[in-house]
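Residue strings, one per chain:
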Amino acid sequence: MSTPEAFDVTVVGGGSAGVAAALAAARQGARTLLIERQQLLGGMGTNAMVHTFCGLFHPDVSRGPQWLNPGIPSEIGMALMQRSGIHKADLMGRVYVLRHRPADLAQLTAELCAEERHLTVLTATEVTALAPGWTITLGDRTIHSRAVIDTTGEALLARLLGDTHWDLAASARLYRPAYVWSFHGLKDELDEPLRLRTAALIVRAVKAGALPAAALGTTLRASPAKGEVFVSTDLEAGGDRWDPTDSDQRLHLESEGRALAHAVWDFLHSSHPSFGSITPPSLPVHAGVRESARWLGDYVLTADDLIRSRRFDDEAALAGWPLEMRETARGPKFRYFDQPEPAGIPSSCLRSSSLPGMFFAGRCLSCDHEALASVRVMGTCLATGQAAGQMATAFRP
Amino acid sequence: MPADITADSVLSLILEHQIIESAEPVTASTDLFALGMDSMAMMQLLLHIEDRFGIAITPGDMTRDHFATASAMAQLLAEKRT
Ligand SMILES: Cc1cc2nc3c(=O)[nH]c(=O)nc-3n(C[C@H](O)[C@H](O)[C@H](O)COP(=O)(O)OP(=O)(O)OC[C@H]3O[C@@H](n4cnc5c(N)ncnc54)[C@H](O)[C@@H]3O)c2cc1C
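Protein chains in written order, with my numbering: chain A, 1 to 397; chain B, 398 to 479.
Worth flagging that the hints you see were computed from the coordinates, not collected in a lab. Incorrect hints may have been included.
[What the hints assert, rightly or not] So the derived list for chain B, only partly shown, Cβ under 7 Å to chain A, looks like this: (1) Glu418; (2) Gly433; (3) Ser436; (4) Met437; (5) Ala438; (6) Met439; (7) Met440; (8) Leu443; (9) Ile454; (10) Pro456; (11) Met459.
[Said to hold, decoys possible] From the structure, some residues in chain A lie toward chain B, with a derived Cβ separation under 8 Å: (12) Arg195; (13) Ala200; (14) Leu201; (15) Ile202; (16) Val203; (17) Gly217; (18) Lys333; (19) Phe334.
Note that the Cβ used here is the ideal one computed from N, Cα and C, for glycine as well.
Modelling step: build the complete structure from the supplied sequences, incorporating the hints.
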C-alpha cells in the first residue's frame with residue numbers, strides 16, 4: 001500500500017456544494033482535495049441535467065434580480081450567464097431563476113477548479129470508508145485530512161460512520177426523483193401556449209393508452225440554447241417503498257426514466273408538427289434524486305425558521321427559495337416565506353461538535369424534511385458549500 | 398350523470414384534488430397561474446375535469462385565458478357542453 005497523502009481539507013462530492021467548498025478552501029490557501037464519483041463536476045446540475053439555478057437571488061423580486069449570497073454563488077451565476085448569453089434572470093411567478101446548460105456547468109466548474117493551485121481534483125473516484133481523525137479510503141488509496149466536508153448530497157460520510165448522525169424521511173414523504181433529458185431542433189419557440197398545448201396532448205395520449213400514466217409528471221423547459229428543450233418527468237418511484245439508498249431501486253428508476261424518455265419523444269415527434277424535426281433524446285448520466293439522507297448537526301434548520309425569515313448570530317449563508325415540496329409526482333407545492341426577506345442558515349447546521357473537523361453542506365446539511373424543500377436548490381447549495389469550505393479551512397484540532 | 402358546471406363546482410374540484418394549494422383564500426376569480434399553477438398541475442386538472450364533467454379538452458382549448466380562473470374554466474366547459 002502506498003504512503004497516505006495529507007491534505008488540510010478534503011471535500012467528498014463535487015456537486016454545487018462541493019465545488020463551492022473546494023474553491024473556497026483552496027482560495028484561502030488550504031491544501032484541498034475534491035473527490036467526485038462521476039467523471040464530471042457539477043452534481044445534479046450536470047449529470048442529472050438539472051438546468052435551472054434557483055436560490056441565487058433575493059426573494060424580494062420587486063427590486064429586480066439581486067444576488068443573494070456574495071462570493072462563489074454570484075461568481076458562478078454571472079459566469080453561467082456569460083457563457084449562455086443570458087442577460088437577465090427569468091422571473092418565474094414570484095421568484096427569479098437562472099437557466100443554464102449542464103455542459104456549461106461541467107466546463108465552468110472544471111475550469112474554476114483547474115485555476116486553483118492548492119486544489120487537487122480526483123474524478124471517477126469514490127470514497128468507500130472513513131475514520132475520525134480523518135482517514136479517508138478511496139479503494140486501495142488512503143488520504144489523511146485535517147478537515148472533511150460531506151457534500152455527497154446523501155450524507156454518505158455520516159452513513160459510513162454508523163447510524164447516529166443522519167436522518168432520512170419516511171419513504172412516502174421523500175421528494176420524488178425525476179428523469180431529465182433533452183432534445184434539439186425545436187423550430188418554434190417553446191412559449192406558454194405551446195407548453196400548455198403539449199400538456200393537453202400528453203393527457204390525451206395517456207387517456208388513450210398511448211403513453212404510460214407516469215408521463216403525466218412531465219414538464220418542458222427551454223434551454224438558453226436556441227432549439228434545445230429539457231424534458232423532466234417526476235416519478236413516483238415505488239411510492240411508499242422508495243429508498244434512494246437502495247441500488248436495485250436506483251437501477252429500476254434509471255430504466256423507467258429511460259423508457260419514458262423514449263416513449264415521450266416518440267409521441268411528441270410523431271404527433272405534433274412543432275416537434276416534427278426534433279433530434280432523438282439526449283440522456284442524462286443518471287436520474288435526478290431530490291432527497292436522500294441528511295446530516296444531524298448541532299442545529300437542525302426547520303421550515304418555520306425559513307417561513308419566518310429567521311436570522312442567526314452564527315450565520316453561514318442565506319436562503320431565499322420558497323419551500324418547494326414534491327412529495328408526489330403530480331407537481332410541486334410552493335410555500336413562500338411570510339415576508340419577501342431571506343432566512344439565515346446558521347453554521348451550526350454545517351457541523352457537529354461530536355465530530356470535530358467534519359463539516360457538511362448542500363442538500364445533506366442539517367435540516368428537517370420540510371426545510372430541505374427550500375435549501376436543496378443549487379444556488380443555496382453553492383452558498384452553504386462556500387461557508388463549509390471556509391469553516392473547514394479555519395478548523396484546528 | 399356528469400356534474401353541473403358552475404364556477405363553484407370547478408373551484409371545488411380544483412381544491413379537492415389539490416391542483417393548487419395556497420395559504421391565501423382562493424375564489425372563482427383568483428388567478429390560478431399567479432398562485433403557481435403550472436403545466437403539470439393542469440394535466441391533473443384536465444384528467445379530473447374530464448372525469449367529473451364528461452368533457453374532453455382539446456389542445457386548442459388549452460390557453461391561459463380559458464384556465465386562469467375557475468369561472469373562466471366554467472365558461473369554457475359550459476360552451477363545450479352545449
Ligand atoms: C430532478 C431534479 C430537479 C431539480 N431542479 C432544480 C432546479 O430547478 N433548481 C435548483 O436550483 N435545484 C434543483 N434541484 C435540486 C438540486 O439539483 C440539488 O439539490 C443540488 O444539486 C444538490 O447539490 P449538492 O452539491 O448538495 O449535491 P449533488 O448535486 O447531488 O452532488 C453530490 C455529488 O457527490 C458525488 N458523490 C456522492 N457520493 C460520493 C462518493 N461516495 N464519493 C465521491 N463522490 C460522491 C455525486 O456523484 C455528486 O456529484 C433539482 C433536483 C432534482 C433531482
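Structure-based check of each hint:
1. Because the closest C-beta pair between glutamate 418(B) and chain A is about 5 Å apart, less than 7 Å, the hint holds.
2. Below 7 Å, beta-carbon pairs count as interface contacts, and glycine 433(B) has one with chain A at about 5 Å; its hint therefore holds.
3. Proximity of serine 436(B) to chain A holds as hinted, the smallest CB-CB distance being about 4 Å (cut-off 7 Å).
4. About 4 Å separates the beta-carbon of methionine 437(B) from the nearest beta-carbon of chain A, less than 7 Å, and the hint is met.
5. Given hint, alanine 438(B) at the interface with chain A, holds; its Cβ is 5 Å from that chain's nearest Cβ, closer than 7 Å.
6. Annotation: interface hint on methionine 439(B) holds; nearest CB of chain A at approximately 5 Å, less than 7 Å.
7. The interface hint given for methionine 440(B) is met, as the beta carbon of that residue sits about 5 Å from the closest beta carbon of chain A, less than 7 Å.
8. Because the beta carbon of leucine 443(B) sits about 5 Å from the nearest beta carbon in chain A, less than 7 Å, this interface hint is met.
9. Satisfaction of the interface hint for isoleucine 454(B) is found here, the shortest Cβ-Cβ separation to chain A being roughly 6 Å, below the 7 Å cut-off.
10. The closest approach between the C-beta of proline 456(B) and any C-beta of chain A is roughly 4 Å, which is under the 7 Å cut-off, so the hint is satisfied.
11. With a least beta-carbon distance of about 4 Å to chain A, the hint placing methionine 459(B) at the interface is held under the 7 Å criterion.
12. A hinted interface residue such as arginine 195(A) counts as satisfied when its beta carbon comes closer than 8 Å to some beta carbon of chain B; here the least separation is about 5 Å, so the hint holds.
13. The closest approach between the C-beta of alanine 200(A) and any C-beta of chain B is roughly 4 Å, which is under the 8 Å cut-off, so the hint is satisfied.
14. The interface hint given for leucine 201(A) is met, as the beta carbon of that residue sits about 5 Å from the closest beta carbon of chain B, less than 8 Å.
15. Below 8 Å, beta-carbon pairs count as interface contacts, and isoleucine 202(A) has one with chain B at about 6 Å; its hint therefore holds.
16. Against a cut-off of 8 Å between C-beta atoms, the interface hint on valine 203(A) holds, since the closest Cβ of chain B lies about 5 Å away.
17. At its closest, the beta carbon of glycine 217(A) sits 6 Å from a beta carbon of chain B; the interface hint therefore holds under the 8 Å criterion.
18. Hint status for lysine 333(A): holds, given a least beta-carbon distance of 5 Å to chain B, under 8 Å.
19. The beta carbon of phenylalanine 334(A) is positioned within 8 Å of a beta carbon in chain B (closest approach about 5 Å), and the interface hint is therefore held.
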